[in-house]
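So the protein sequences, as listed, match chains A and B. Mapping of the first sequence onto numbering that gives the first Met the number 0: residues 0 to 125, in sequence order. Mapping of the second sequence onto numbering that gives the first Met the number 0: residues 0 to 125, in sequence order.
If you are wondering where the hints come from, they were derived from the structure by calculation, not from laboratory data. Owing to the predicted nature of the structure, the values given are computational and were not obtained by experimental measurement. Please note that a few of the clues may not be correct.
Put simply, identical chains are the same to the list, so a pair is met inside one copy or across any two.
Stated by the list, open to error - Calculated lysine-lysine pairs in the DSBU-like style (CA-CA distance at most 30 Å, straight line):
#1 K92 with K106
#2 K103 with K119
#3 K92 with K62
#4 K62 with K119
#5 K92 with K119
There are 2 protein chains.
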Amino acid sequence: MIEDQPVFCDHKPHHMERFLEVCLLLLLYDEIGYGYGLAEQLSHFGFSEMDLNVSTLYRTLRKMEHDGLVTSLWEAGGQGPRRRVYEITEGGKSELEQWIKVLKVRKARIETLVGAYDRKVSTGDK
Amino acid sequence: MIEDQPVFCDHKPHHMERFLEVCLLLLLYDEIGYGYGLAEQLSHFGFSEMDLNVSTLYRTLRKMEHDGLVTSLWEAGGQGPRRRVYEITEGGKSELEQWIKVLKVRKARIETLVGAYDRKVSTGDK
DNA sequence: TAGACTATATTCACAATGTATATAGTCAAT
DNA sequence: ATTGACTATATACATTGTGAATATAGTCTA
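Could you build the full structure based on these sequences and the hints that come with them?
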């Protein structure tokens with residue numbers, strides 16, 4: 000029933016559900032953008048090369064379009080491979096606003112938990 | 000391709016991946032506990048009745064046992080239905096410590112994003 | 001014309017969670 | 001005694017979000 004050696008914390012520390020989506024909405028808030036370019040800007044929000052999954056990025060952008068949060072069109076002219084350029088909608092801005100509220104709740108809950116942990120380890124054990 | 004009415008923010012605001020597991024490890028840090036009793040204590044970490052999924056709770060406890068983070072036994076004696084009582088292991092304490100670090104990273108990333116959002120909406124638009 | 005780089009997309013698989021349901025013991029009231 | 005409320009644990013099925021791997025193809029330089 001129990002493994003010989005427990006598997007400790009073998010996940011991706013940066014993984015937070017739908018966090019990528021919120022980051023993309025913010026990047027698109029005041030200027031249009033395309034997949035590959037957005038990937039580079041995501042480093043500002045802690046997405047390293049190792050961390051960012053390109054498949055997930057494109058899939059998320061398409062889903063966001065399906066949900067009406069962004070619109071897209073193929074960039075006219077320009078050199079290099081064609082780019083699908085995304086623009087945020089009013090619905091997208093509204094969704095972003097809601098998500099920011101959610102993230103503030105998440106942050107508060109993390110603070111509560113971490114605070115409780117620090118109190119326990121400082122007083123009792125160790 | 001695009002829905003008539005976009006579906007806005009229809010998720011569970013309190014949902015954070017594996018957050019329940021970390022809360023349970025913390026609750027079990029210095030005393031044993033069982034499923035139903037832990038469910039009540041979880042309100043301290045923001046889990047409302049609506050929010051907490053009992054199936055998920057029991058399933059998570061069993062998975063934690065499988066991973067060697069806790070051990071369990073059926074409570075001897077006592078009134079009412081039998082309780083499966085859980086106790087944290089040294090591995091569980093170590094895992095909790097790692098998770099706390101992860102949560103601090105998550106919190107920092109949320110702060111970065113929320114800060115960037117607040118700056119955008121205060122200066123530019125609106 | 002080969003290799004590096006830019007750019008988008010799909011397929012398959014898995015992990016975490018939600019919904020619904022099943023089971024069963026205890027206790028108080030009728 | 002038996003119904004209903006409450007305590008307590010657990011499983012089956014489905015959905016969601018993500019990761020890994022792979023496919024396709026245009027551009028640019030050597």
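The hints, checked one at a time:
| no. | hint | verdict |
| --- | --- | --- |
| 1 | K92 with K106 | both (21 Å within a copy, 23 Å between copies) |
| 2 | K103 with K119 | both (25 Å within a copy, 17 Å between copies) |
| 3 | K92 with K62 | within (16 Å within a copy, 39 Å between copies) |
| 4 | K62 with K119 | between (43 Å within a copy, 24 Å between copies) |
| 5 | K92 with K119 | between (41 Å within a copy, 12 Å between copies) |
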